Amino acid sequence: MTLTIRDLCVARGGLPVLEGLNFSLAPGQALILRGPNGSGKTTLLRTLAGLQPPLSGEIIAGEDQIAYAAHSDGLKAMLTVAENLTFWADVFGQRDIETAIDAFSLDPLRDRLAGTLSAGQKRRLGLARMLITGRPIWMLDEPTVSLDVDAVALFASAVRAHLGAGGAALIATHIDLGLEAEVLDVTPFRAAHDARLGASDEAFL
Amino acid sequence: MKALLRRDLILAIRAGGGFGLGLAFFLIVTVLVPFGVGPQSELLSRIAPGILWLGALLACLLSLDRLLALDWEDGTLDLLATSPLPLEAALSIKALAHWITTGLPLVLAAPVFGVLLSLPQPGYFWLVISLVLGTPALSVIGTFGAALTVGVKRGGLLMSLLVLPLYVPTLIFGAEVARRGAEGMQTTTPLLMLAGITLGVIAIMPFASAVALRVNLR
Chain A
1 MTLTIRDLCV ARGGLPVLEG LNFSLAPGQA LILRGPNGSG KTTLLRTLAG LQPPLSGEII
61 AGEDQIAYAA HSDGLKAMLT VAENLTFWAD VFGQRDIETA IDAFSLDPLR DRLAGTLSAG
121 QKRRLGLARM LITGRPIWML DEPTVSLDVD AVALFASAVR AHLGAGGAAL IATHIDLGLE
181 AEVLDVTPFR AAHDARLGAS DEAFL
Chain B
1 MKALLRRDLI LAIRAGGGFG LGLAFFLIVT VLVPFGVGPQ SELLSRIAPG ILWLGALLAC
61 LLSLDRLLAL DWEDGTLDLL ATSPLPLEAA LSIKALAHWI TTGLPLVLAA PVFGVLLSLP
121 QPGYFWLVIS LVLGTPALSV IGTFGAALTV GVKRGGLLMS LLVLPLYVPT LIFGAEVARR
181 GAEGMQTTTP LLMLAGITLG VIAIMPFASA VALRVNLR
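Protein sequences appear in the order of chains A and B. Going by the UniProt record's numbering, the first residue of the first sequence is number 1, and it counts up by one from there. Going by the UniProt record's numbering, the first residue of the second sequence is number 1, and it counts up by one from there.
Please note that the accuracy of each hint is not assured.
[What the hints assert, rightly or not] Pairwise CB distance ranges, derived in the manner of DEER restraints: (1) A:G134 with B:V211: 38 to 48 angstroms; (2) B:G20 with A:G115: 13 to 23 angstroms; (3) A:V183 with B:L58: 49 to 59 angstroms; (4) A:V183 with B:M1: 20 to 30 angstroms.
[To be verified] A few chain B residues that face chain A, going by a derived Cβ cut-off under 8 angstroms, partial list only: (5) G75; (6) L79; (7) S83; (8) L87; (9) R154.
[Stated by the list, open to error] Some chain A residues flagged as far from chain B (calculated, every beta-carbon gap over 10 angstroms): (10) A67; (11) Y68; (12) K76; (13) M78; (14) L177; (15) V183.
Treat the hints as calculated values from the structure; they're not laboratory data. Since the structure is predicted, the reported quantities are computational estimates derived from the model, not experimental observations. Ideal Cβ placement from N, Cα and C applies to all residues, glycine included.
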């Protein structure tokens, strides 16, 4: 299980935003993505997760390896915490939701409707979903938004446990999680704006 | 797949799920038509199959813009697209859930509402048969429309315009089955056409919906 990226160019709305990306992610390794707003971190993560095709370059990863957590958590307000997690466990063919509930100390909230949770609690529930997917490579987009200090510590220890179990993580974040991880600043890879490779795609969007 | 179906059904039934919206609209149409047309029961019973079919179709259309929009807004569609479930299967399941919560209640309520329009007695059986065969096509085609317009702000109008022409064949043959049944004529030909259309769209449309949705998720 490794993720390798060769000379990747990703585009948003038909315009290339990042180009010439090369890196690889081995089991047990975490990579932190940094860069100013609008620099293409989310676009890169969405491309790697398979939600959009790259403009050029190669993504080498096994089938069904990547679990993706977006800005929004995909929670249903009218389902309880446990029902939300059970749904994703069923979709990913897993059984156990208790590990995830313990890891993010959601036990007291178990029977609350997700719609009545606070922003930070919703985020914890959204992150608990990553444990449930059972997939080795985590792609996390600003995972610590609206988390308090304790919850960030919970999240960091969940990531550490995941890495310890042979997983890998690619995290776009601005805060220091206290992980022993490499940092990749995407700013130098910003695509030149005259490279309108993707413009021909516009007609099909 | 069972999990997605169960979740969609639970969400539809719990408060704010919009279960019964189509049914209420269907009731309003069938209650108001006799007031508009006047108390001539021969005229009513002649137009009843068409009105019932039209009411069912519009009731179905009414609930379509919620079909994918809610999952789009809270990010569930992104996460479903990266899950092991093929998008084609997920959309078929969502169409099935839409049919169970919208189409099936219409089928069950249609005979009762038929009384309000003094539908001739032999017509009830054929009305139910035609709706059972026809409404799944409405849900599947509607899912395609929803997939095409997901992410478009106020996409409901655009979707209605895109979907309506695709609904025409189902409406023509469905209403024809009910009309012929009500007048005691042979119904085999339109019935076979209706069933053919439904089976065809169930087989093909999920693939088209999945392609449209993938483009919209980019």
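Each hint tested on the structure:
The supplied range of 38 to 48 angstroms is broken by G134 (chain A) and V211 (chain B), whose beta-carbon atoms lie about 28 angstroms from each other. Checked against the given bound of 13 to 23 angstroms, the beta carbons of G20 (chain B) and G115 (chain A), roughly 20 angstroms apart, stay inside it. With their beta carbons about 57 angstroms apart, V183 (chain A) and L58 (chain B) fall inside the hinted range of 49 to 59 angstroms. Checked against the hint of 20 to 30 angstroms, the C-beta distance between V183 (chain A) and M1 (chain B) comes to roughly 40 angstroms, which is inconsistent with it.
Residue-level restraint check for G75 (chain B) holds (minimum Cβ-Cβ distance to chain A is 3 angstroms; threshold 8 angstroms). Look at L79 (chain B): its Cβ gets to within about 4 angstroms of chain A, closer than 8 angstroms, so that hint holds up. Hint status for S83 (chain B): holds, given a least beta-carbon distance of 5 angstroms to chain A, under 8 angstroms. The beta carbon of L87 (chain B) comes no nearer than 11 angstroms to any beta carbon in chain A, farther than 8 angstroms, and the hint placing it at the interface is violated.
At a threshold of 8 angstroms, the smallest CB-CB gap from R154 (chain B) to chain A is about 19 angstroms, leaving the interface hint violated. Look at A67 (chain A): its CB is around 7 angstroms from the nearest CB on chain B, not clear of 10 angstroms, so calling it non-interface is violated. Residue placement check: Y68 (chain A) does not keep its beta carbon more than 10 angstroms from all beta carbons of chain B (closest about 5 angstroms). With a least beta-carbon separation of about 6 angstroms from chain B, K76 (chain A) fails to lie farther than 10 angstroms from that chain, contradicting its non-interface assignment.
Non-interface status of M78 (chain A) relative to chain B is broken: a Cβ of that chain comes within 10 angstroms, the nearest being about 4 angstroms off. With a cut of 10 angstroms on Cβ distances, L177 (chain A) stays outside the contact zone with chain B, its closest approach being about 22 angstroms. Non-interface call for V183 (chain A) relative to chain B: holds, since the shortest CB-CB distance, roughly 25 angstroms, exceeds 10 angstroms.
Comparing the model with each numbered hint stated earlier shows that hints 1, 4, 8, 9, 10, 11, 12 and 13 do not hold.
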